[in-house]
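K.L.:
Chains as they are written, first to last, in the working numbering: chain A, 1 to 527; chain D, 1 to 117; chain U, 1 to 531.
Hints in this document: simulated from the structure, not taken from any laboratory.
Among the hints, a few may not be true.
[Stated by the list, open to error] The calculated lysine-lysine pairs, modelled on PhoX-like cross-linking and capped at a C-alpha distance of 25 Å, are:
1) LYS112(D) - LYS42(A)
2) LYS53(D) - LYS42(A)
3) LYS41(A) - LYS38(D)
4) LYS312(U) - LYS175(U)
5) LYS111(D) - LYS59(D)
6) LYS85(D) - LYS41(A)
These numbers come from a predicted model, not from an experiment.
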Amino acid sequence: MIVAVIHINVTLADWGSVLPELIIAGGMLLLMLVDVFVPGKKVNLTTWLTLIILALAFAASWNLWRTGGMASALYGTVTSDRFAMFFDFSILISAALAVLISPGYISTSAFDSGEYYALILGAVLGMMLMAAGLSLMVLFIALELLSLALYILSGFERFRPRSQEAGFKYFLLSSFASAFLLYGFALLYGVTGSTSLIKISTCLAGHAHGCSAAATSSPLLYIGIGLMLVGFAFKVSIVPFHMWTPDVYEGAPTPVTAFMSVATKAALFAAFIRVFSMSLSTVESHWYGALWALAIATMVVGNIAALAQSNMKRLLAYSGIAHAGYILVAMAANNALGQSAVAFYFLAYTFMNIGAFVFVAYLETTGRAGDEIASYRGIFYRNPALALPMAIFMFSLAGFPPTAGFFAKYVAFQAAVQAGHVDLVVVGVITSLVSVVYYLRVVAVMFLQPAEEAAPVEQPVPPEQPPAVEQVPASAEPVTRPQLPWNIDVGIWTAALGSIVLGIIPTGLLTYASESVTAVRALFGLP
Amino acid sequence: MLTDYVPILILSLLAGGFAATNVIATLITGPYRPTREKLSPYESGMTEIQPPKQRFPVKFYVIAMLFLLFDIEGVSFYPWAIILKALRFPGFIEMLIFLAFLAVGYIFIWKKGALDW
Amino acid sequence: MATATNALGFPLVSIILWLPVAAGLVCWLINDPRTVRMIAVAAALIDLLLALFLLVKFELPGAGTAGWTFQFADRHAWISTIGVSYWVGVDGVSIILVALASLMMSVAILAATFMIADRQRLFLILMLFLETAILGVFVSINLFLFFVFWEAMLIPSYFLLGVWGEERRVYATMKFVIYTVLGSFLMLVGIFYLWSQTGTLDMAGPHGLVANPVSQGAQNWLFLAFGLAFAIKTPLFPFHAWAPTAYTESPLPFLIALAGILSKAGAFGFVRYSLPLFPSASHSWQALVSILAIIGLLYAAVLALVQTDIKKIVAYASISHMNLIVLGIFTLNATGLDGAVLQMVNHSIIISGLFLAVAYIFARTGTRFLNGMGGLGERWPWLMWLFFVFVLAGLDLPGLGSFAGEILIFLGVFAENAWFAVIGALVVILAAWYMIRFFQNTMNGPVAVSADEVAVLAEAPGRTPYQYPVLRRLIPGDLLPGEIALFVPLILLIIYIGIQPYTLTQRINPTMQPVTTLVNRGSLPGFGGGR
Numbered sequence: 001m002i003v004a005v006i007h008i009n010v011t012l013a014d015w016g017s018v019l020p021e022l023i024i025a026g027g028m029l030l031l032m033l034v035d036v037f038v039p040g041k042k043v044n045l046t047t048w049l050t051l052i053i054l055a056l057a058f059a060a061s062w063n064l065w066r067t068g069g070m071a072s073a074l075y076g077t078v079t080s081d082r083f084a085m086f087f088d089f090s091i092l093i094s095a096a097l098a099v100l101i102s103p104g105y106i107s108t109s110a111f112d113s114g115e116y117y118a119l120i121l122g123a124v125l126g127m128m129l130m131a132a133g134l135s136l137m138v139l140f141i142a143l144e145l146l147s148l149a150l151y152i153l154s155g156f157e158r159f160r161p162r163s164q165e166a167g168f169k170y171f172l173l174s175s176f177a178s179a180f181l182l183y184g185f186a187l188l189y190g191v192t193g194s195t196s197l198i199k200i201s202t203c204l205a206g207h208a209h210g211c212s213a214a215a216t217s218s219p220l221l222y223i224g225i226g227l228m229l230v231g232f233a234f235k236v237s238i239v240p241f242h243m244w245t246p247d248v249y250e251g252a253p254t255p256v257t258a259f260m261s262v263a264t265k266a267a268l269f270a271a272f273i274r275v276f277s278m279s280l281s282t283v284e285s286h287w288y289g290a291l292w293a294l295a296i297a298t299m300v301v302g303n304i305a306a307l308a309q310s311n312m313k314r315l316l317a318y319s320g321i322a323h324a325g326y327i328l329v330a331m332a333a334n335n336a337l338g339q340s341a342v343a344f345y346f347l348a349y350t351f352m353n354i355g356a357f358v359f360v361a362y363l364e365t366t367g368r369a370g371d372e373i374a375s376y377r378g379i380f381y382r383n384p385a386l387a388l389p390m391a392i393f394m395f396s397l398a399g400f401p402p403t404a405g406f407f408a409k410y411v412a413f414q415a416a417v418q419a420g421h422v423d424l425v426v427v428g429v430i431t432s433l434v435s436v437v438y439y440l441r442v443v444a445v446m447f448l449q450p451a452e453e454a455a456p457v458e459q460p461v462p463p464e465q466p467p468a469v470e471q472v473p474a475s476a477e478p479v480t481r482p483q484l485p486w487n488i489d490v491g492i493w494t495a496a497l498g499s500i501v502l503g504i505i506p507t508g509l510l511t512y513a514s515e516s517v518t519a520v521r522a523l524f525g526l527p
Numbered sequence: 001m002l003t004d005y006v007p008i009l010i011l012s013l014l015a016g017g018f019a020a021t022n023v024i025a026t027l028i029t030g031p032y033r034p035t036r037e038k039l040s041p042y043e044s045g046m047t048e049i050q051p052p053k054q055r056f057p058v059k060f061y062v063i064a065m066l067f068l069l070f071d072i073e074g075v076s077f078y079p080w081a082i083i084l085k086a087l088r089f090p091g092f093i094e095m096l097i098f099l100a101f102l103a104v105g106y107i108f109i110w111k112k113g114a115l116d117w
Numbered sequence: 001m002a003t004a005t006n007a008l009g010f011p012l013v014s015i016i017l018w019l020p021v022a023a024g025l026v027c028w029l030i031n032d033p034r035t036v037r038m039i040a041v042a043a044a045l046i047d048l049l050l051a052l053f054l055l056v057k058f059e060l061p062g063a064g065t066a067g068w069t070f071q072f073a074d075r076h077a078w079i080s081t082i083g084v085s086y087w088v089g090v091d092g093v094s095i096i097l098v099a100l101a102s103l104m105m106s107v108a109i110l111a112a113t114f115m116i117a118d119r120q121r122l123f124l125i126l127m128l129f130l131e132t133a134i135l136g137v138f139v140s141i142n143l144f145l146f147f148v149f150w151e152a153m154l155i156p157s158y159f160l161l162g163v164w165g166e167e168r169r170v171y172a173t174m175k176f177v178i179y180t181v182l183g184s185f186l187m188l189v190g191i192f193y194l195w196s197q198t199g200t201l202d203m204a205g206p207h208g209l210v211a212n213p214v215s216q217g218a219q220n221w222l223f224l225a226f227g228l229a230f231a232i233k234t235p236l237f238p239f240h241a242w243a244p245t246a247y248t249e250s251p252l253p254f255l256i257a258l259a260g261i262l263s264k265a266g267a268f269g270f271v272r273y274s275l276p277l278f279p280s281a282s283h284s285w286q287a288l289v290s291i292l293a294i295i296g297l298l299y300a301a302v303l304a305l306v307q308t309d310i311k312k313i314v315a316y317a318s319i320s321h322m323n324l325i326v327l328g329i330f331t332l333n334a335t336g337l338d339g340a341v342l343q344m345v346n347h348s349i350i351i352s353g354l355f356l357a358v359a360y361i362f363a364r365t366g367t368r369f370l371n372g373m374g375g376l377g378e379r380w381p382w383l384m385w386l387f388f389v390f391v392l393a394g395l396d397l398p399g400l401g402s403f404a405g406e407i408l409i410f411l412g413v414f415a416e417n418a419w420f421a422v423i424g425a426l427v428v429i430l431a432a433w434y435m436i437r438f439f440q441n442t443m444n445g446p447v448a449v450s451a452d453e454v455a456v457l458a459e460a461p462g463r464t465p466y467q468y469p470v471l472r473r474l475i476p477g478d479l480l481p482g483e484i485a486l487f488v489p490l491i492l493l494i495i496y497i498g499i500q501p502y503t504l505t506q507r508i509n510p511t512m513q514p515v516t517t518l519v520n521r522g523s524l525p526g527f528g529g530g531r
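Next comes chain A alone, as it looks inside the complex:
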């Protein structure tokens, strides 16, 4: 009998570099156990538990960021470089914000909270692995993990047909896209003889032994790149593979939509960059044209379709498509600035987009107004504490300074100009102009059109006194101001603060983003 000789060189440091992922995985199991063993209602317990787990994972990621992490761990299948950690921050923050706003939703829709949170953590695990994967195999497994969890989460409101439809549609279309991606991976493996992204890049650069000299011009490579592009484009909802997005975003429970609209894209874009901008950077000419066309189509279609929406969640879905277009512009720049722009964009996008969904989620649970934009009429006059942050998110999404959205877009476009793609930037700026119309329409509905019942309070002024300073009635504002639940308050103001602070003092985080890109570029031997 032959006993294979295996050199095990997995050390504790290897496991340490996936510590955040391990924490999430352990937390997921813990939540499942809590779900079945703790009797009675346990929404508060599970919510807190999930938040603690996410915080622990954040701390572990931060520690890895501080130490710089390991360039390649567990036989070169995953990495804990700063690039992965930077995306982990976005993913974890968006998960935490989504969890924070879930309790109200869980109690109104009678969810099973333990399962729900376990699935969210499952998706987070998949996303973090996606951002950290250095091997095609890990990327695919991570993709399946996050997708499966999200399929179930989208259809989690079992008794609402819209939610069922969302879950089913997402499942069918997305698994179809997974197949494309897998096929692309297989062909890439066929051409280069390796599943390791680093080895693939050395092979294509022509420095590797045992790798076909004609690999870069192989038609299989073209087909593989095309298939992978389709797969990635599906998952991050890039036109023309975006059709599922509005329906799924509208039907899925709002906290889930909030979470997936940001975190899925962040994770997928991290992998997108690792595969295309890093591993396949030597064959940029193979994919740049396609990316260019996709970026333009995405910006144009996303923004124009958003103009016609009357449902807030659908509007945010199309706005998400449009933002994916801007991110593609930064990615198409294919330089260090562009990649750090993508990383920074997601951090900014986390705050502004999830903030907008917090607003929708709260209104849905109170039952006063749903996700129809028309029902937001005059909300500022009833509930200014809710309307003001929403205005910040809308201005940020539209890209007005001094908000995070402006800065993210600015850096993204500037990177494209630096790379000489002025055409993309011109389209981006013009479509941004279109986007101002629909974002500000929402603000106009909330602020400029008073609700019918909010008539000014009649308060006669004594005729003998001049209208001097003292005459202004103090009670011009409505006396009974609805109090927000603390979790919505925390969620929406965290997001608002993030959207503003990132716009005014982006320096530190932008430096972090470029450090993270330096790390990943060094890993692939790019300058």
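Please arrange chains D and U on chain A, whose structure you already have, making use of the hints.
P.N.:
Showing chains D and U alone in chain A's frame:
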């Protein structure tokens, strides 16, 4: 480059051709004399007791799915067992962790009532 | 090359810049309306005092100092990877505009304390935010910083116009925002391109944008990208369509900021950015812009002549005069530019005064239409006489501020193209015509509405003295002390500038001289990058 794939193309043509030839040949050469019994679902001379279009309880699918899940996970024990000596103690620990995952899943579905028939 | 110094030793410009926003944030935390009013007014007045201090301390170029200098500069690294720094300071033009802006914002905030009843606290906070944004536009020496403030002006404006505006405010707001954003987004493309060519967005310094002009072909396109933004804001004909609606629907305190200061930001953009950064393009486009400006100033004046809504008369008067300022800028000689900047100050004061008068009349008659007025002067002499001062200033009476500015502009235009001057000067006749018509139809002539009718109107419920949907009653008598107090600084300033325009021009001219040299020769002799 592409010429490397010519044998595969020839092989698939041959395979497809063989299958098609057989099907067509039986259609042409075989005698075709249908009777009522021959056309019934169980063509073994037995008459059906009740119509075969029945609904299976969904539990059946759930159990089948769970069986597949645990079965496939169980399969991964075999390669592990063969190289256990080389993996030594850390390998043992890793498998225990893997088992713990399975166990939690098992407890979960059990408690959720997925195994109640 | 433009240089930057700071003789003061501490960042006074930054303090002036950020004080309003800080005060606004403090107001956010306070709920008591009286305290909020006090803080807002105090912040505006302190800012005004500091700005005046700066104006006095501003070093006039002696024998040793020449060229284009930014004084009291304050620079911090911000995001160096993309050529962005926090760099503020003032030159001879922006120091005057900073002082002007802080004065007009003080007037506007004081007006808001009694003209805005509904959600006054939020109104004041937004006005303070707006003040910082406007000041930021004037003091930035980095193009990115300038753009941030330029766009940031829009957000408070959106709410100030949209929430507190009059009946058609939603329409006016959307039109205003879309026009403005259209311009500024194209400017953004221009900024990207400039950065990709030069690698910096700093204006001054040996590596700054002024010292390193881009190629002539690029200049032509960049001029268009920047010029559109400035033209819309100014508003230059034919990009003015947003202005009449926005002016008509604005609540008065915001209108002082909008017509008084925000429009100057557009003209300032031409002076500070279009001319020095794209000198050869400025020459190529000079004739076109001048012709547009002449059409605009005559067209708006004719429209002012036929309006029956008094707020619209002043709105078109404002547009007409802004086009005159653009005409002065595009003389591209120092005389015209001096006049244009001087006229920016005059225009701001006069237009604000006229709009205030419109609001006072409305608060007493309950109407803005000429057919409901007439003979008001008999009833309210104080209102008539103070209003008359602004009317006289509006028709360029010698001895008042606007005369000096307009004379300089027309002298400058005459030096460039005599025909332009002759045609443009027709506006003086038109201005006199519509101003006199405005004054006579409101203050003189037969009494259209008797005192009894006014009393009846005053009793009618659901009307507002100033702010649109909350008129509770009309103001019965002549001008109140608070209302007069808003007029006084404006009138004093009109007279002072009329007598002593040199105070302003001696600061403006040393900045305009190097700019015109730059524009006319392509580079500054003796100030080139190699020195």
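K.L.:
If a hint holds in the structure, say so; if it does not, say that too.
P.N.:
Here is what the structure says about each hint:
For the hint linking LYS112(D) to LYS42(A), the alpha-carbon distance of about 16 Å falls within 25 Å, and the restraint holds. Distance restraint check for LYS53(D) and LYS42(A): the Cα-Cα separation of roughly 44 Å exceeds the 25 Å cut-off, and the hinted pair is therefore not satisfied. Between LYS41(A) and LYS38(D) the CA atoms are separated by roughly 60 Å; this puts the pair beyond 25 Å, and the hint is violated. The hinted pair formed by LYS312(U) and LYS175(U) meets the criterion: a straight-line CA distance of about 17 Å does not exceed 25 Å.
Between LYS111(D) and LYS59(D) the alpha-carbon distance is near 15 Å, which keeps this suggested pair within the 25 Å criterion. Straight-line distance between C-alpha atoms of LYS85(D) and LYS41(A) comes to about 48 Å, which puts the hinted pair past the 25 Å bound.
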